[in-house]
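Model the full structure from these sequences, guided by the hints.
Protein chains: 2
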Amino acid sequence: MKWIFRTTITIAFSIIASSAAKAQEPSYIQYVNPYIGSADHGHVFVGANVPNGLVQLGPSQIAQTWDRFNGWDWCSGYNYISEEILGFTHTHLSGTGIGDLNDILILPANGSPHLHPAPFNQMDKGYGSKISKANEKVEAGYYKVLLEDYDILAELTASERVGYHKYTFNKKDNPHLLIDLGFRMNWDTPTDTYLKWVDDHTIIGYRFSKGWANDQKVYFAIKSNTKFDNIDFYNDSTAVKGYRVAQGKSIKAIVTLNPAKPVELKVGLSPVSTTNALQNIEAEIPDWDFAKATQKAQKKWNDVLKKIDFQADDNTKTIFYTALYHSYFAPTLFSDVNGDYMGTDKQVYNDKTHQQYTVFSLWDTYRALHPLMTILEEQKSKNFVKSMLNIYQQQGKLPVWHLWANETNTMVGLPAIPVVADAMLKGLIDKQDLELAYEAIKTTAMGYEHGLDFVTKLTYIPIENMSNESVAWALEYAIADFGAYQAAKFLNKQEDAAYFEKRYKLYKHYYDAEVGHFVGRHANGTFRRPFDPFYAEHRNNDYCEGNAWQYTWLVPQDVQGLIDLMGGDRKFVEKLDEFINLPEQLDNASPDISGMIGQYAQGNEPNHHVPYLYAYAGAPWKGAELVHKTMTKYFTNDPAGLCGNDDVGQMSAWYVFSAVGIYPANPMDGKYVFGSPLMQQATFNLPNGKTFSIKTKNNGPKNIYINKVKLNGKNYPYSYITHELIMQGGELEFEMSAKPNKKFAADKTFRP
Amino acid sequence: MKWIFRTTITIAFSIIASSAAKAQEPSYIQYVNPYIGSADHGHVFVGANVPNGLVQLGPSQIAQTWDRFNGWDWCSGYNYISEEILGFTHTHLSGTGIGDLNDILILPANGSPHLHPAPFNQMDKGYGSKISKANEKVEAGYYKVLLEDYDILAELTASERVGYHKYTFNKKDNPHLLIDLGFRMNWDTPTDTYLKWVDDHTIIGYRFSKGWANDQKVYFAIKSNTKFDNIDFYNDSTAVKGYRVAQGKSIKAIVTLNPAKPVELKVGLSPVSTTNALQNIEAEIPDWDFAKATQKAQKKWNDVLKKIDFQADDNTKTIFYTALYHSYFAPTLFSDVNGDYMGTDKQVYNDKTHQQYTVFSLWDTYRALHPLMTILEEQKSKNFVKSMLNIYQQQGKLPVWHLWANETNTMVGLPAIPVVADAMLKGLIDKQDLELAYEAIKTTAMGYEHGLDFVTKLTYIPIENMSNESVAWALEYAIADFGAYQAAKFLNKQEDAAYFEKRYKLYKHYYDAEVGHFVGRHANGTFRRPFDPFYAEHRNNDYCEGNAWQYTWLVPQDVQGLIDLMGGDRKFVEKLDEFINLPEQLDNASPDISGMIGQYAQGNEPNHHVPYLYAYAGAPWKGAELVHKTMTKYFTNDPAGLCGNDDVGQMSAWYVFSAVGIYPANPMDGKYVFGSPLMQQATFNLPNGKTFSIKTKNNGPKNIYINKVKLNGKNYPYSYITHELIMQGGELEFEMSAKPNKKFAADKTFRP
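Residue numbers (my numbering), protein chains in the order written: chain A, 68 to 819; chain B, 68 to 819.
To be clear, the hints were calculated from the coordinates, so they are not data collected in a lab. Values in this document were obtained by computation on a predicted structure and should not be read as measured data. Check the hints yourself; a few may be wrong.
For identical chains, the list gives no copy identity; a pair is met inside one copy or between any two copies.
Calculated lysine-lysine pairs in the DSSO-like style (CA-CA distance at most 27 Å, straight line) [claimed, not checked]:
id	residue 1	residue 2
1	Lys509	Lys308
2	Lys572	Lys238
3	Lys762	Lys638
4	Lys810	Lys769
5	Lys413	Lys316
6	Lys498	Lys238
7	Lys277	Lys413
8	Lys556	Lys366
9	Lys308	Lys413
10	Lys556	Lys809
11	Lys696	Lys638
12	Lys556	Lys572
13	Lys316	Lys277
14	Lys308	Lys374
15	Lys328	Lys498
16	Lys374	Lys384
17	Lys294	Lys509
18	Lys777	Lys642
19	Lys308	Lys757
20	Lys363	Lys806
21	Lys524	Lys810
22	Lys308	Lys572
23	Lys696	Lys757
24	Lys569	Lys308
Structure, rendered in C-alpha cells:
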C-alpha cells in the first residue's frame with residue numbers, strides 16, 4: 068500500500084490548521100499525519116482527540132469477520148483499508164493488540180432508518196455508509212468525511228471530555244440520527260445501556276459493557292443545536308414505546324430532526340454520571356462554534372508538539388511529529404472537570420488536587436513513553452504516578468494494564484514498578500506520597516501470583532509451576548525488582564535494597580550456558596529440552612511474544628551482568644551481531660513479532676532497548692547502525708508506516724527518543740544512551756522553563772555515526788546523558804560522521 | 068405449631084427493654100413479638116433494625132432445598148422452624164414471596180475455619196451452628212442467640228445504616244470471624260465482590276449481586292473493637308494471597324483475632340461507597356457501647372409505636388403493636404447520612420433536602436400501608452413520594468416494585484399512582500413538585516406495556532393480547548386511573564380528568580353478566596369459556612394470585628358502579644354473603660391465596676378492602692362480622708400468626724387499621740370506612756401535634772357491631788371518617804353492641 072494522498076491533506080491544513088498559525092507560533096500539527104500506523108498492524112486510532120483526552124471521537128468500521136488475522140487489524144475501530152463507516156464512536160484504543168471501547172455510536176443518516184450495522188461490503192443491508200479516502204481528511208484534533216450513501220458531510224473535533232460533531236446534510240430525506248448503544252466491536256459486549264430524552268435538545272445515557280475491561284462504564288450527555296422532532300427507542304430490534312427513558316442490553320434511538328443548518332452535537336463523557344457529563348460539556352465547550360472548538364483542539368496539539376522543536380527534512384519531521392502525537396494518545400484523562408473519577412473498587416472518588424488517568428499499557432510504556440513524559444510533562448507525569456498509587460490503594464497492587472477502572476492483568480511482569488521508581492528518582496512524586504509509593508512497590512513485588520512466590524524466595528520459577536512464559540515473567544520481574552531496589556536505596560531502606568538487589572539478578576538462574584540463552588528450567592535445575600531458539604508460538608514457549616533470541620537481551624537493569632554472563636564485551640558484541648544478522652526466521656511465530664532485522668524485532672517491545680546495548684560494551688557505533696537502519700526501514704510516512712502495533716504510543720515514543728539520538732535503555736537509572744540522531748537540531752522546551760538543545764554537525768543519511776560529542780561547548784566523552792543534565796538545560800552537540808569512531812566511549816569509564 | 072415461650076421473652080424485656088421505661092414513657096416495645104409471621108408463609112424478617120432502617124441485621128438460615136414449596140418459606144432468610152444459623156446478614160426482605168438480599172454474611176466461630184455453609188442438618192460439614200429457641204431472644208431492635216457449636220453468644224442491634232454485632236466467645240479455640248460475600252440465598256447470586264483489609268480494625272468492601280434486583284450494589288465498612296491478627300482471603304475456595312485486597316465473584320475472609328473481651332463490630336452499609344459506609348458508622352454509632360446502641364434502637368421503635376396508644380388486652384396489644392412494628396419495616400432508607408444515594412439510572416445523586424427510600428412493594432402497600440403512613444408520618448410520606456418521583460425521572464415511569472435502585476416490575480398494574488395521587492390530595496407533595504408528580508402519573512398511565520395501549524385507547528385488553536392475568540391488569544389499571552383522575556381534578560386539568568374518569572370505569576368491560584364475574588374477553592367481545600370461578604392456578608388464569616370470585620370485588624375506586632353492575636344494594640350484599648359462605652375450595656390454587664373465609668382470601672391483597680364494601684351498600688354490620696372474624700381468626704400471637712406473606716407490611720398495616728376500626732377501602736378518596744374495632748381506646752399522636760382518639764363503649768368479644776358513633780361528643784351517622792377530620796384531631800366514639808344496628812349508616816347519605 069502506498070500513501071498517495073498527501074496533497075489533499077496539505078490543502079486541508081491551509082484551511083483548517085491556519086488557526087495555529089494565527090497564534091504566531093510555528094505550526095507543528097502540519098507535520099502530523101494521523102494515517103501513519105493506521106494500516107496493517109499499527110492499530111492506531113484515527114479521529115479527533117486532544118492530548119491525553121478521554122474522548123477519542125472517530126469512525127468505527129466493519130471489522131471484516133473477526134479472527135485474529137482479519138479482524139485484529141480493527142482493534143482501534145479503524146483500518147486504512149476500509150472504505151466503509153458504520154458511525155462515529157467516542158472512545159478508542161490506539162495501537163493495542165486487543166480490541167475494546169468504540170462506545171456510544173452516533174450516525175447521521177438519510178432515508179429509511181436501520182437499527183443494525185451493515186455487513187462488510189453490503190452497505191444497503193444495515194446502517195453505515197461508503198466513504199472514499201479522497202473525501203476523508205484527518206488532522207490532529209480534526210476529522211472529516213463525506214458519508215456518500217447519505218450525502219452527509221461529517222466533521223469531528225474534541226476537547227478532553229467532549230466530542231463535537233458537525234453534520235452537514237447535503238440532502239434531506241427523512242434526516243435522522245441513530246444512536247446505537249448496542250454497537251460493539253472486537254471483544255466488547257454491552258451489558259446494560261440507557262437513554263433518556265431529557266428535552267428537545269438533550270439526551271443523556273450510559274453504556275456499560277464487558278470486554279477486555281470486565282466492567283466498563285461510560286456515562287454521557289448529548290446536547291444538540293437542532294431540535295429533536297421525535298425519538299423512537301429500541302432495545303436491539305424491539306420498539307420501546309411510551310416512555311422517554313429506555314434501558315436494556317442494547318438500547319438504540321432514532322432521532323428525527325429537520326435541520327435548517329448543519330446539525331451540531333456536543334457529546335460529553337464521564338466515568339461517573341450524566342450530570343458530570345453535562346458539566347464537562349458546559350466547562351469545556353460552552354459555545355456552539357465548531358471552528359473555534361477545532362482551533363482550540365489544534366492549539367492543544369501544537370502546544371504539546373512544540374515541546375520538541377525538531378529540525379529535519381519534511382518527511383522525517385512528519386514521521387517524528389506523528390510519533391510525538393501518538394505518544395500523547397494515552398494515558399487518558401479519567402477525572403471529570405469537578406474532580407470525580409471512578410475507582411477500580413467501583414466507587415466514585417472526588418479529588419480536586421490531582422487528575423486521575425486511565426489506559427495504562429505499562430508493559431509497553433514503561434520502556435520509553437513514560438521516560439519521555441518525565442522530560443516533557445512534569446505535572447502529567449506526577450498525575451500518572453498518583454493515579455497508579457490510587458489504583459494500588461483500590462486494588463491492592465499497582466496496575467498492570469489498566470482500562471477504564473478495570474485491571475485487565477494483560478501481559479507479564481510488574482511493569483508499573485519501573486514507572487513509579489523512575490518517577491521517585493526524578494522527583495516526580497510529592498514528598499507526602501513517597502512512603503505510599505514505596506509501600507505500593509513493595510507490596511506489589513511481594514505478591515504470589517504467576518510465580519512471584521518463587522521470586523520472593525529468591526529462586527527461579529520452575530516450568531513445572533508455569534508451563535509457558537516463565538522466562539518472560541522472570542526477566543520482567545527482575546526489571547521491576549531493579550526499580551524496587553532503586554526506590555529502597557533512594558529512601559535509605561538498606562535491608563530492602565539488599566534484598567531487591569538479589570532479586571534483580573535472579574535472571575542469571577535462567578542463563579543456559581550450553582545454548583547461550585535464557586531458557587525455562589525444571590524444578591530439578593535442568594533446562595528445557597529440546598530447545599529451539601527460534602521457536603515463537605504465541606503463548607506456547609518460555610517467552611512472551613518472542614523467542615529465546617529476542618528474550619536473551621532482556622536485562623536492561625544489569626547489562627554489565629549480562630555481558631559478564633556471556634563472557635565479556637567481545638563475546639557480547641559478537642552475539643549481538645549474530646542476533647541482527649541471523650535469518651529472519653521465526654518458528655510458529657506470534658503475529659506480534661515483526662519489524663525484523665535478523666532476529667531483532669522492532670515490532671514488539673522486548674527488543675526496544677537492544678540497539679543501545681552495544682554502548683554498554685563500548686561499541687555504540689554498532690548500535691548507531693542498528694537504530695538508524697530500524698528508524699529508516701520501519702518508520703515511514705505511510706499508513707503502513709509502523710512495523711507493529713503502536714502499543715498505546717510506546718512504538719512512537721521509541722522513535723521520538725531514537726530520532727533525537729538518545730534512549731532510556733534502562734528506564735530506571737536516569738541515563739539516556741546515545742544512538743544515531745536523525746535531525747539537524749532538536750530543542751526540548753522543558754516544563755521547568757529551560758531548554759535543552761541537541762544539535763548535530765555533519766548529519767546526513769550516511770553520516771550515521773557519532774564522531775564526538777560536546778555538552779555546553781565542552782567535549783563530552785560519554786555515550787549517554789543523564790536526566791539531571793537534560794533538565795538543567797543546555798546544549799548537546801553530536802558531531803556525526805560516515806565512518807564510525809570506534810574509540811568514542813569505548814572506554815568503560817564513559818559507557819552508560 | 069404453638070407459641071410456648073412467651074415467658075422467656077418477657078424476662079428478656081425486663082433486662083433490655085428497660086431503657087424505654089427509663090425515659091419515663093410507656094414502653095410499647097414490650098408488646099412487640101417479632102416471631103409473629105416468622106413461621107409458615109409469613110416470611111417476616113427476624114433480627115435487629117430500626118424503623119425504616121436500611122440495615123436489617125439478622126440471622127440467615129438454611130433454606131431447605133430450594134423449591135417453591137420448601138425454600139419459599141425462607142424468603143426473608145429466616146423461618147421459625149429452623150434451629151440452625153449460618154451467619155448474620157445485614158439486609159433482608161420482610162414478608163415477600165420472592166427472596167433476595169441477605170447480603171454481607173458475618174459469622175463468629177471457633178475451631179477449624181469453614182469456607183462454605185453447612186448443608187441442612189449436617190452442621191459439621193460447613194460453617195454455621197445449631198441454635199435452640201430457648202437460647203434465642205428477639206425484640207424490636209435487638210436479637211440474641213447462642214451459637215451452640217462454637218459456644219459464642221451473639222447479640223445484634225442496629226441504627227438506620229449500621230449493624231452492631233457483639234460476640235462473646237465463651238470459649239476460645241482458634242477464634243475467628245468469617246466474612247462471606249459469596250453467601251447467597253433464594254434468587255440471589257453474587258456477581259462481583261470485594262474486600263480490603265484497611266488496618267488492624269477496619270475492613271471495607273462491596274457485594275454486587277444479581278437476583279430479584281437485577282444489579283444490586285451494597286458497599287460496606289466493618290469497624291472492630293478487637294485487633295485483627297491476620298486475614299486470609301479466598302475467592303470461593305481458592306486462597307488469594309499476598310495482597311490486602313481481594314476481588315472476585317465470591318470473596319471470603321477468615322479473620323483471626325484473640326479477643327480479651329467481647330468482639331464488637333460496627334458494619335455500616337451504603338448504596339454508594341465504602342467512604343460513605345464509614346461516615347455512616349461515624350455519624351450514627353460513634354461509640355463502642357453496645358447497650359447504648361440497643362437503647363437508642365429501642366427508643367426509636369418506641370417513638371414510632373407510641374404514635375398509636377392502643378388499649379386492649381395484652382394479647383391483642385401484642386398482635387397490634389407487632390403489626391405496627393412490621394408496618395415500619397419498609398420502605399427502607401436509601402440515602403447515606405451525607406445525602407448520597409444510588410439512582411435507578413446507575414449513578415450517584417446527592418440530595419440533602421430529602422431522604423431517598425427503597426423497597427417499594429407498591430401492589431401490596433398502596434392499599435393500607437401508605438395510607439397509614441399519611442396519618443402517622445408526614446415527613447416520611449413526603450419522602451416516599453419524592454423518592455418515587457426521583458425514580459420516575461430516572462426510569463421514565465413511576466416505580467412498580469423497587470428494590471435497591473432496581474425496578475423489578477413485579478406484580479400487576481401501576482400501583483405507585485394511587486400513592487402519589489393520595490399524597491397529592493392529602494397535601495404531602497410540595498408545591499414545586501406538583502406538576503412533576505402529575506407528569507409522572509400521566510406519563511406512567513400513558514405507557515404501552517402489558518395491555519396499557521388498549522387502556523389508553525379506552526377499550527378492554529383482549530385475551531388474544533394477554534393470555535394470562537388480563538383482568539387483574541385491567542382492574543389494577545382502573546384503580547390507578549382513579550388516582551390519575553383525582554390528581555387531574557385536584558390540579559384542575561379538566562380534559563385529563565374527563566379522560567381518566569372514562570378510564571377508571573373501564574372495568575365494566577370485563578363484567579360478564581351471564582356468570583356475574585369479571586372475566587377475560589376475546590377480541591371479538593365474547594367472554595372466556597369454559598369459565599370456572601374457583602380456578603386459581605398461579606399465573607395461568609385471567610387473574611393474578613386469585614380467582615374470579617376474589618377479583619370480582621376489585622373496584623375500590625367505584626364501588627357504587629360495581630353495585631349498579633350487580634343489580635343494586637341487595638344483590639350486591641347477597642353476592643358478598645355468598646362469597647364468604649362458599650366452600651373454601653380453590654382449583655389448582657396459587658400458594659399466595661390463603662386466610663380463607665369462604666372464597667374471601669385475607670392472605671393476599673386483592674381482597675383486603677372486601678369487608679368494608681358492605682358499608683357502601685348500607686350494611687356495615689355485615690362487614691363488621693367479616694372483619695372481626697378475619698382479625699381474630701387469622702391474626703394471632705404466634706409465629707404462624709399471619710395467614711400469608713406479610714408483604715412488606717401490608718398485611719400488618721391492614722390489621723393496624725382494622726383493629727382500630729377504620730380502613731381506607733379506596734385509598735385515594737381520603738375516606739376511612741368503619742369496621743369493628745378491637746380496642747378500648749386508640750389514640751393517634753399525629754405528626755401535626757394533635758391527637759385523634761378512637762374510643763369504644765361496650766366493646767367486647769361479642770359486641771362486635773357498631774351501634775352508634777359520636778365525633779367530638781356529637782352524634783355521627785356516617786360509616787366512614789375523612790382524613791381531614793382525623794388530622795384535625797378530636798375524639799371518635801364507637802358504641803358497640805352484640806346485636807347489629809342495621810339502621811346505622813344504612814341510608815345512602817351516610818355511606819362512604
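| request: Provide an ascending list of the numbers of those earlier hints which the structure does not satisfy. | output: Of the numbered hints, 2, 3, 6, 8, 10, 14, 15, 18, 19, 20, 21, 23 do not hold.
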